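Chemist: Could you put together the complete structure from these sequences and hints?
The numbering of the sequence shown is the working numbering, which starts it at 1 and goes up by one.
To be clear, the hints were calculated from the coordinates, so they are not data collected in a lab. Because the structure is a prediction, the values reported are computed rather than measured. One thing to keep in mind: the hints can contain errors.
[Unchecked claim] For each label pair, taking beta carbons as the anchor points, the in silico distance ranges come out as:
1. Asp453 x Asn162: 46 to 52 Å
2. Phe435 x Thr279: 46 to 52 Å
3. Leu367 x Glu288: 48 to 54 Å
4. Gln167 x Ala227: 33 to 39 Å
5. Val546 x Lys625: 20 to 26 Å
6. His533 x Glu513: 29 to 35 Å
7. Asp346 x Phe435: 50 to 56 Å
8. Phe435 x Arg525: 28 to 34 Å
9. Leu367 x Gln167: 52 to 58 Å
10. Leu538 x His509: 40 to 46 Å
11. Glu427 x Gln216: 53 to 59 Å
Cβ atoms here follow ideal geometry from the backbone N, Cα and C, with glycine treated the same way.
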Amino acid sequence: MDSADNMPGGFAGSETSSNYDQNEDPVLDNGENNPDVSYDVSETNSTTNKNENDEDNESNDEITVIPDIETRDSGASDTDIPAQHHQQAENEAKVEKNANLEPSDGRPPVPSRQILRNLASVDPEILAQASIGATENTSEPEYVVTDDLLQSKLNQLNAGFNNKSSQVQTSIRSATQNIRKTFNDIRTTVGALEHDYQIDWEFWANVVNDYESVVQNNSHALHSKIAAGIPKEVRGIVWQLVAQSKNYELEEFYLTLKSETSIHEKAIKRDLTRTSFYTAVDAVSKGEDLYNVIKAYSLFDPDVGYTQGMIFVAVPLIMNMTDSECFCLLVTMMKDYRLRDLFCPDMRGLHRQLYQFDRLLEQNSPLLYNHLVKQGIKSSMYASQWFLTFFAYKFPLEIVLRIYDIVITHGIEASLKFAVNLMLQNENKLLSLKFDKLLEFLKDHLFNRYVNDEFVDERRFSLRKRQGSSSSYYNLDSMVEDAMAIKVSMVDLAQFEREFDAIYASEKHRAEEIDELRHENGRLRHDIKALEHQFSVLNRDHVDIVQKMVDTKVMIPEIESENDDLQKAITQLRADLEELEAKMKAPSVSSSESTLDALKSPAIPQNIEEEIQRLLQVNAQEIEKCTELEEQLETLTVQDEELSEKLGKKRWWQR
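Modeler: Rendered as structure tokens:
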């Protein structure tokens, strides 16, 4: 069981707060379209883990964003694609066949999609692994997916409710009964008053008392009523009943959280006053309540923490209910509506929704889709804030409340209807623009399609100050009607999500391979540096040995010359010695002759033997020295050969 269901608790996870890539989706409202909206949204969803002591430091944190995917997975099985996709494939084949032909209406030719299909192809093994992993690791309860967003969302919420603990279910049922009593009190009090518009109290009473029955038996009327807008008197009550969010235990936990200290307090206070909706919030004295809700959620879900985009999400809630009820609904939307995936550090939910948007645009207008691809325009360049804030960064509060009516009853997938509708309404203009002008139009002028003509005329003759937002600036009813007419099937969205999961798994697998190769490359670089160091040491030793060999070779001739001189001296001494010995052994002659010979012969030194022995010793030492030098020469020669061989082996990487 999910820890968040057992209350009080938070979401499980290991992510840390991060911001989406602001460089891909900069400020869209420059004041030309709506002078009443003054907030610079370039800091929307800025990271919450930035240094709180530096309040003027803008967040430029980098995150690893999954590459934007422009086409679906061509490797997906045809058996998984609905029949309408086969029809679409046939239409695309016809478009490709005529890709090189200039259209009769002057529009640019449609580029071939084969390259895109090849780029988006996924290995079937990876697709199977992604499907298995999604089945094993998913925390979402199983529910029946229908083609109707309203019914499908109800099934999902019911499945999530049944998956909660009995204690939480009891708490929600008790709180729901209390909400119904509140509705009856409002009906009794407000119903008797006169209004500028009629409220169908009977219908909304049926919705409040048995929403599931109305969805199943009177869905057409419910669609119409929601599209027309839930009455503001009961809007907050209907939202909570539909989302099944009111929970007494969670409200008590909120009272504890809001009294605690958060590391995001300074950032929240700073961003609140810079948000365009803060004037409306402060006008009804709910600024402090909004601050407490955002702070409490940053403590409740520390893995997500706080991002400024949460303020845009929470403002419509706090304007229609108490702060504790707002906290409960915010938690429910984050978890049960999968809004949390849009704010997690990897922002997988945002990329999934952008992919679904691309696929829906491809379904509804292949020509426009291919034009954007050909121009190099990615949906992340202009549409990220649409889904992160439900268009709250751009539209006045009254329009955002109408969008919330649809989002809470139909799911966040309903925001795709508004996004696709905006593109289709401006299709002709978009097809005529190239990259720079095209991107500028998507960011700044896409919403002009629904600006009331009377405001355009008024601005021609007067300069209006940017005051409180007015819903009449835009043609609200027309925009909602056109958006609701866009067909968005949960079956299609489920298929698109499977395609995205497969591509995501493939990209993740590639990223892991790149990381492994980068790690291996780093290890090899380290080994090369170690080998270079060893080579340097061996090279120095080689130079020293060569120098010693040169010195030895220079000394050898001198020693050999000295040795030759000593050998000659020894030979001469031995000859003299032999001569003396021969004379001593000759017979004696007369004394006179002896005396005469003695006079004629030189005197023989008395220490001749000692001198001969000394010379023999010196000669022996010189011979031994010469032998040692010859051995050293031989050793140095061997070492030189070994070093030359080693150097030859170490230089393989330099070749």
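Chemist: Against each hint, give a clear statement of whether it holds in the structure.
Modeler: Going down the list of hints, with the structure as the test:
A C-beta distance of roughly 50 Å is found between Asp453 and Asn162, which places it inside the suggested range of 46 to 52 Å. Between Phe435 and Thr279, the C-beta spacing of about 37 Å breaks the proposed range 46 to 52 Å. A hinted range of 48 to 54 Å for the beta carbons of Leu367 and Glu288 is consistent with their spacing of about 51 Å. The supplied range of 33 to 39 Å is met by Gln167 and Ala227, whose beta-carbon atoms lie about 37 Å from each other.
Checked against the given bound of 20 to 26 Å, the beta carbons of Val546 and Lys625, roughly 23 Å apart, stay inside it. Between His533 and Glu513 the Cβ separation comes to about 31 Å, which falls inside the hinted range of 29 to 35 Å. Take Asp346 and Phe435: their Cβ atoms lie about 28 Å apart, and the range 50 to 56 Å is violated. Between Phe435 and Arg525 the C-beta distance comes to about 39 Å, which lies outside the given range of 28 to 34 Å.
Under the hint 52 to 58 Å, the C-beta atoms of Leu367 and Gln167, about 55 Å apart, fit the expected range. Checking the proposed 40 to 46 Å range against Leu538 and His509 shows it holds: the Cβ atoms sit about 43 Å from each other. A hinted range of 53 to 59 Å is violated for the C-beta pair Glu427 and Gln216, which are about 36 Å apart.
The structure is inconsistent with the numbered hints 2, 7, 8, 11, although it conforms to all the rest.
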